[in-house]
Amino acid sequence: MKVLVTCRNGMGTSTMLTVQVRNVASKNGWDVDCEHASLDAVGSFRGDLIISLSDVAKELEDEGVKTPIIGIDSLMDSNEIERKMTPYIGK
Amino acid sequence: MQLLDSSLVQLDVTVDSWQSAIRCAAEPLVKNKFVTKEYPERVIEIAEKDGPYIVIAPHIALSHAAVSDGALKNGLGLTVLTEPVKFGNKVNDPVSLVFTLSSVGDDIHLSQMAALVNVLQKTRVIEKVTRSNDVNEVIDLFNER
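The listed protein sequences correspond, in order, to chains A and B.
Residue numbers for the first sequence follow the working numbering, so the first one is 1 and each next one is one higher.
Residue numbers for the second sequence follow the working numbering, so the first one is 1 and each next one is one higher.
These aren't lab readings, by the way, just hints derived from the structure by calculation.
Treat the numbers as computed from the prediction; the structure is a model and nothing was measured.
Worth double-checking, as some hints may not be accurate.
A few chain A residues facing chain B, derived, Cβ under 7 angstroms [stated by the list, open to error]:
| hint | residue |
| --- | --- |
| 1 | N9 |
| 2 | M11 |
| 3 | T15 |
| 4 | M16 |
| 5 | V19 |
| 6 | K58 |
| 7 | D73 |
| 8 | M76 |
| 9 | N79 |
| 10 | E80 |
Below are the DSS-like pairs computed for lysine-lysine, each with C-alpha atoms no more than 30 angstroms apart in a straight line [said to hold, decoys possible]:
| hint | chain 1 | residue 1 | chain 2 | residue 2 |
| --- | --- | --- | --- | --- |
| 11 | B | K49 | A | K66 |
| 12 | B | K33 | A | K84 |
| 13 | B | K128 | A | K27 |
| 14 | B | K90 | B | K122 |
| 15 | B | K122 | A | K84 |
| 16 | A | K84 | B | K49 |
Here a beta-carbon is modelled for each residue, glycine too, at the ideal position from N, C-alpha and C.
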C-alpha cells in the first residue's frame with residue numbers, strides 16, 4: 001500500500017508521523033510504502049492513503065481530495081494510528 | 001545520539017500566552033544562530049492563519065517552520081512551561097512542553113525525529129520532564145538510548 005504522510009512544510013510533523021506510521025506498519029507486518037512531503041505533493045500523489053494530523057486532514061477533505069485521508073490527533077499515540085489505518089489495510 | 005543540547009533547554013518558564021511561549025522557546029535558538037529572530041514570528045503568523053498546527057500530541061508543541069521562514073541550521077530546543085498554556089487545539093491542550101525545531105535538509109534528521117518519538121512515547125516521560133528542575137536530568141532523559 002502506498003501512503004503519503006503530509007504536513008504544511010513537509011518537515012517536522014510529517015517526519016515524526018512517518019516514523020510512527022512505519023513503526024506501526026512494521027509491528028503489524030503491513031506492507032506499507034510510506035513517503036512524506038509538504039501539502040504541495042498531495043495533488044500529484046497517486047497512492048492509496050494520505051495521513052496527516054487532524055487539522056490538515058480536515059482541510060484536505062474540505063478541498064475535495066479524492067484519495068482517502070486519515071487525520072491523527074496525537075502523533076505519539078501508536079494505537080490511534082493503528083486503529084485508523086487498519087480499515088485500509090489489504091484493500 | 002545527542003538529541004538535545006543543554007544550551008537549547010529552558011526549564012520553569014512562565015508565559016502568558018501561546019505566542020509568548022513560542023517566542024520564549026525560540027530565544028536560545030535565535031541566540032545560538034539556529035534560526036533568525038523572525039522565525040518564531042513566522043511560526044506565530046502561520047498558526048494564527050492556519051490554526052495550531054504545531055500542537056502534535058497531548059501537552060506537546062513542536063514549533064517549526066521552513067528554511068524560507070528563517071531556519072539556519074539543524075537543531076532542537078526544549079522549553080518546559082511552569083504553567084501549561086492553551087494553544088487552541090481542542091484535543092491536545094494545554095501545552096507544557098514546547099520544542100523548537102530548526103530543520104534545513106530533507107531527510108537529514110529522520111533518525112533524530114525517530115529518537116524524539118521514541119523518547120516521548122516512554123511511560124511518564126512528559127511528567128518527568130515537567131517536574132524536573134535539573135537541565136542535565138532532562139538532557140539525560142532525551143539522550144539516553
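These are the hints, each one checked on the structure:
no.: 1; hint: N9; in the structure: holds (4 angstroms)
no.: 2; hint: M11; in the structure: holds (5 angstroms)
no.: 3; hint: T15; in the structure: holds (4 angstroms)
no.: 4; hint: M16; in the structure: holds (5 angstroms)
no.: 5; hint: V19; in the structure: holds (4 angstroms)
no.: 6; hint: K58; in the structure: violated (9 angstroms)
no.: 7; hint: D73; in the structure: holds (4 angstroms)
no.: 8; hint: M76; in the structure: holds (4 angstroms)
no.: 9; hint: N79; in the structure: violated (11 angstroms)
no.: 10; hint: E80; in the structure: violated (10 angstroms)
no.: 11; hint: K49/B / K66/A; in the structure: holds (25 angstroms)
no.: 12; hint: K33/B / K84/A; in the structure: violated (40 angstroms)
no.: 13; hint: K128/B / K27/A; in the structure: holds (27 angstroms)
no.: 14; hint: K90/B / K122/B; in the structure: holds (24 angstroms)
no.: 15; hint: K122/B / K84/A; in the structure: holds (22 angstroms)
no.: 16; hint: K84/A / K49/B; in the structure: holds (28 angstroms)
The structure is inconsistent with the numbered hints 6, 9, 10, 12, although it conforms to all the rest.
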